[in-house]
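Undergrad: Order-wise, the sequence lines are chains A and B.
Using the numbering used here, the first residue of the first sequence is number 1, and each one after it goes up by one.
Using the numbering used here, the first residue of the second sequence is number 1, and each one after it goes up by one.
Don't read these hints as lab results, they were simulated from the structure.
Since the model is a prediction, treat every value here as computed from it, not as a measurement.
Some hints could be false.
[What the hints assert, rightly or not] Taking lysine-lysine and the DSSO-like style, the derived pairs with C-alpha atoms no more than 30 angstroms apart in a straight line are:
| no. | chain 1 | residue 1 | chain 2 | residue 2 |
| --- | --- | --- | --- | --- |
| 1 | A | Lys-161 | B | Lys-102 |
| 2 | A | Lys-159 | B | Lys-102 |
| 3 | B | Lys-102 | A | Lys-151 |
| 4 | B | Lys-102 | B | Lys-79 |
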Amino acid sequence: MDDVERAFREAHGQAVATLTRLFGDLTLAEDAVQDAFVIAMDRWPRDGLPDNPAGWIVTTARNRATDVVRRERRGRRLAEQVAGDHLRAGPAAGPEIPAPLPDDQLRLIFTCCRPALRVEHQVALTLRLVAGLSLVEVAAAFLIGEETMAKRLVRAKYKIKAASIPYRVPDGADLPRRLQAVLTVLYLIYNAGADDVARRDLRAEAIRLARVLVRLMPEEPEAAGLLALVLLSDARMPARRDAARVVLLTDQDRSLWDRSLIAEGQELVLACLRRRRLGPFQLQAAIQALHCAAPSYEQTDWAAIVRFYDRLHTVMPTPVVALNRAIAVAETDGPEAGLQLLDDLAQDLAGYHLLHASRGSMLERLGRRDEAAAAYGRAAALARTDADTAFLARRQTELTTDQPL
Amino acid sequence: MNQYLLSVYEVEGQVNGAPATAEEMQAFMGRVIALEEEMDRAGAFAFGGALHGPDAATVVRGGTGRGTVTTDGPFVEAKEHIAGFYIVNAEDLDEALRWAEKVVEATDHDIEVRPFRATGRVQAGGGH
């Protein structure tokens, strides 16, 4: 990504957000910002970056949108709407930069991440409008064709307009669950990048968006929790794969972990603990912080990790949380205890490769090699990435041959 | 101001929302009456009604200049059907969803919310 592209992506969410407030039309805003980008691509490399790239984009896009509103046949109707009450004021005609309001970007984020839109549409809108990825990049992030993605975005924007989805930050009783939806979208984006090396840019985008959210909502502990969680996960990423091979936490070279990301994440976790309003993202971040603080696998504070999983399970009683808790219990109380907990989850997580991989590991530690090999085989068959499949199949082979490799 | 159709969906064979006893019926009616009064006070109630079941439905098929055929039954054979509906006036989807949540609570049924594209009589020239 070159300077022009990076500056543009940084400015994108803000510009679309401000234009949407001024014109009350998401598609018009997006198109105008896109036009501004095309102009920037032509001018910036020649004249150099402007002092205030974001302001330049907003002004240029505002002028484009004003032209469009004036020129288009449906311009009259739109112009009437622009003057309408819920859109506040129409665009000023002067040359000054329209001042972005602090809430502009939040409004855009909450509009994109609405539960009334299906989740994949929420993710697509967020990447396109807030993060400023191009259509091609968003399509690649979803591993689908450009045309399919274009249709998906059009459908999502159509619904926003047709159903009169309001452009505002929810308040009061609605805020917690709506914020939860926003955080879930950002975490989905992060995980899409974590599961697949080819899409690792998504991790950086998710972290960038989480930072924006924390800056915009400094009083929301779960937003800080999400940022801490993705920072601490990302810190360990360099050690997780070795030439596209999975490296387990037990075997990771901890010197490869990114210390500055860990420090930043741990700082956030400590602030969350002091605030005492712990939600699911903060608790997950606290668990990651404990892993990151351990000098080795053996010296990990597993008892504290189990305690955090207990609390996490009370606010988020999902089978996957129970599985992770069982893995921690296997460290404090032994593999037999962990295995018993896994048996309770066998039905709920029958199709989840990590249940079988964890069973395999616990059985192996108990010396039940044949059963362990079968569990790894099952896990390999269910794994979702090639790297995971290869890793788990190798474990199976190691256990079925007489001499460990 | 926009208008939204709140369809109250019923699933065949499911008994929720169907009050079994006189007391339940009374409680159900009490909840619905209170909700409709609330809608009325807020200026949100445009229209509403409960429908007879799909067994009472008749379908008329055909087309412009092609004549018609009348048959018994609902248009779509499905386990789910619309048991009733409200048309509410609401500023935006948030407001419509708040009414929908209240209808779910009062009727014990799932609701589909759809925005009207246009309402009232079609005017010459395409406006509404």
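Undergrad: Take the hints in turn and mark each one as holding or not.
TA: Verification of the supplied hints:
For a cut-off of 30 angstroms, the pair hint linking A:Lys-161 to B:Lys-102 stands: about 24 angstroms separates their Cα positions. Pair hint A:Lys-159 plus B:Lys-102 holds up; C-alpha atoms about 23 angstroms apart against a cutoff of 30 angstroms. Proximity of B:Lys-102 to A:Lys-151 is assessed by CA-CA distance (about 34 angstroms); at most 30 angstroms being required, the pair is judged violated. Straight-line distance between C-alpha atoms of B:Lys-102 and B:Lys-79 comes to about 24 angstroms, which keeps the hinted pair within the 30 angstroms bound.
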